Amino acid sequence: MRLGRLYAVLTAFVLVVAAAGAAAAPQEDARSETISVDADVPDPDAFEPPEADGVATVDGTEYGSVQAAVDAAEPGDTVRLSGRFDENVTVRTANLTLAAASQEAAMIDGGGEGDVLAIEAPNVTVERVWINNSGWEADTEDAGVFVNGTDATLDSVRLTEVTFGVWVDGVDGVTVANSTIVGREEVRSHAERGNGINLWETADVVVRGNDITRVRDGIYFSWAEGVEATDNRMWDLRFGVHYMYSDDNLLADNLAFDNDVGYALMVSENLRIVDNRAVGNDGGSGHGILVKDVEDTTIRGNVLADNEHGLFASNGQDNRIESNLMMANTVGVHSTAGSTDQTVVNNSFVHNDLQAFSTNDVVVAWNGTDGGNYWSDARTADRSGDGVSEIRHRPAGTVEQVLHDHPQAAVFAESPAFSAVRMAENSFPVLESPGIVDHHPLVESPHDWERYYADHTDNAHRND
Amino acid sequence: MTEPQSGPQTDGGTTVTATTVTDSEGESATASGRRTQVALATRQVGSLAATEVRLGLRRRWAVILVGLFAAFGMLVLTFAGSAPGTAGFERTAASLAMLAVYVVPLAALAYGYDAVVGPAESGWLEVLSALPVTRTRILAGMTLGRGVVLVGGVALGFLIPGAILVSEYGPSTVPALATLLLAAAALGLAFLAVAVALSTLVREKTHALGAALLAWVWFVLVHDLLALGVVAAFDLSAGAVTALVLANPTSVYRVLVLGELGAGGTGGFASVLSASGLSSGLLAVALAAWVAVPLAAAALLVRWRGTIAAT
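Chain order of the listed sequences is Y and H. Residues 706 to 1169, numbered by this note's numbering, are exactly what the first sequence covers, in order. Residues 21 to 331, numbered by this note's numbering, are exactly what the second sequence covers, in order.
Read the hints as simulated data drawn from the structure, not as lab findings. Quick caveat, the model's predicted, so the values are computed rather than measured. The reader is advised that the hints may include incorrect statements.
[To be verified] Here are the in silico distance ranges between beta carbons for each label pair:
#1 H:Ser192 to Y:Glu818: 55 to 61 Å
#2 Y:Ala728 to H:Leu246: 44 to 50 Å
#3 Y:Met949 to H:Leu245: 29 to 35 Å
#4 Y:Arg977 to H:Ala91: 41 to 47 Å
#5 H:Ala308 to Y:Asp1046: 17 to 23 Å
#6 Y:Pro1139 to H:Ala260: 46 to 52 Å
#7 Y:Val972 to H:Ala91: 56 to 62 Å
[What the hints assert, rightly or not] Only part of the chain Y face toward chain H is listed, based on derived beta-carbon distances under 7 Å:
#8 Val714
#9 Pro747
#10 Gln1113
#11 Phe1117
We put the beta carbon where it would ideally sit given N, CA and C, even for glycine.
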């Protein structure tokens, strides 16, 4: 019969084409779609130091050394620098300005000893000067700029080959803006490096628009209050930002990528962590935001993508986690025991391998009032048309517990057995296993997450 | 009524050769004798298979299978919508793959459960047995024929949603979809083999149907659920986890396809695969074994069944 032959031939044809298709082209890399970071950061290896001997000009007089010029200057004077100086400078004149024409016009090289520039008078301004080669000891706080005078301003300063970049030593009103801090890559151990900007016992500090890399922590807070850290970019560090015992601070619009941890919040209260981005922080502990022993803190509008854990919370109290986008992390939010009275609302959980996980041995509800969070994998049904699903969602239940305790179980991922357990948990509140539940998941994401999927080509210059 | 026509006609011409060859079997197996024997076996199995394909078409099985897979595939595409980028494709393809876990085994079991017991009840098997053709060859021919119809159903049925996906997401998706299609076809064959083995084992068609449904429930739902429970309760060695996966053709298929698609979803899927040594090659071999072993068992059982029937 012709029909039978036609059927067999068609089948054979499709199979041969399929076999050829499967064999011919190599499999596409499943993770070819990476998260894009539009970080146009400077390349620290492309800096060109000035060659000419240094000339420091104050009031029309020229000096061969910065120290001599600074000592000769009166309060309120401006010392203009050009060329290369090899010395360690201490400024004891108040209201002084040290300025160069551009970041590459003048460099002070500390010769690998102590602090390169120490500010010991109030209201000193440093603009566009390149500070290079501080001492190597983290224990003795060797810094590019050691600030011990109130209301100091560092603007567009470049600091390279430093242990600590800027050390603020218990003085208030300091501003560090538009500066570049590059530590020593050859110091392999993070413990032996210093921090980019080290704020110690200080208040009313502004840290704005800086690029920080190759140090230990980008911005380190200890007993610092009222600090506004905005628009900074931090990469290849241990922690991008690190709060210790520092209350009432604002962190906004920063970008931290390729660090161990993007933003580490520890033992502090009343922080506002707003509109920051943490991308690809997956070394060591690997968290976008780490929250540890923190109270009354708001984490809002941040984008946490492609990290090991988007947000890792332990021992927090009364914290608000709202309107953040957790996307393509291994675990979106990991919440451990001791995180109490946590409000998690209006966040988007998109395509994380494990959307959320809780080690709490009770059921935690993650929806503050009537709207919960958006889950890219949730089954939603919105009969009333208010954008809130009437079907509760269990991002972390039995399946996630089993997966966490026994990673081997991942081979049964997506199996009908998994689906059956999940569906039973979502449908029958009688089966209440410990974990996280969202009673009113959002139908639509409050975030435009699709735009974060893009090619990595615009980051080709990023150093890995 | 039309069933016996083609069979005896083709086989009738070879009766004499068949008997002589069977007589000389084992005593003086000359090279030419063996060649004739192989040719004969091929012809017998071939014509039986052709008959089975014709029956499959006449009984609308081919249309039903193609329609079923095409309809479910389209259903998935409709619900998946058209999310942009490879993420959208991955999810759609993964949904298609997971749909196949339910539908393909069910269709294969439904189509295959009466492969032996059906003709045995209708007397068609007895008619065939009167001819000089061994039971093993009858089984081989029938299975081959049904295999062609089933694989055709899977291939042609999934071709339609597959083609739509390729036109939507571009030709770079062809390898993943081709792997998916081949794996689904292999999964179908594995369950057809299981169905045939069950069909050889039981004496009544209704029993075969019951056994086939039980097999579906076991392999699609219960086995993985139990395995999950065992993994959760005990810290198993990597080898034990591997064995748990290989003990279920749907698991083998699922892990193979998800691994190839890179869409494991839940954490650490790929690392678990490499830790348990579940490479694509091993999984493909396991799937092939799930076709071969039940069929070998059926080939043994069908002889045993013959002696029972004779007494």
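Practice item. Could you tell me which of the hints above the structure violates, numbers in ascending order? Key: Per hint list: 2, 3, 4, 5, 6, 8 and 9 violated.
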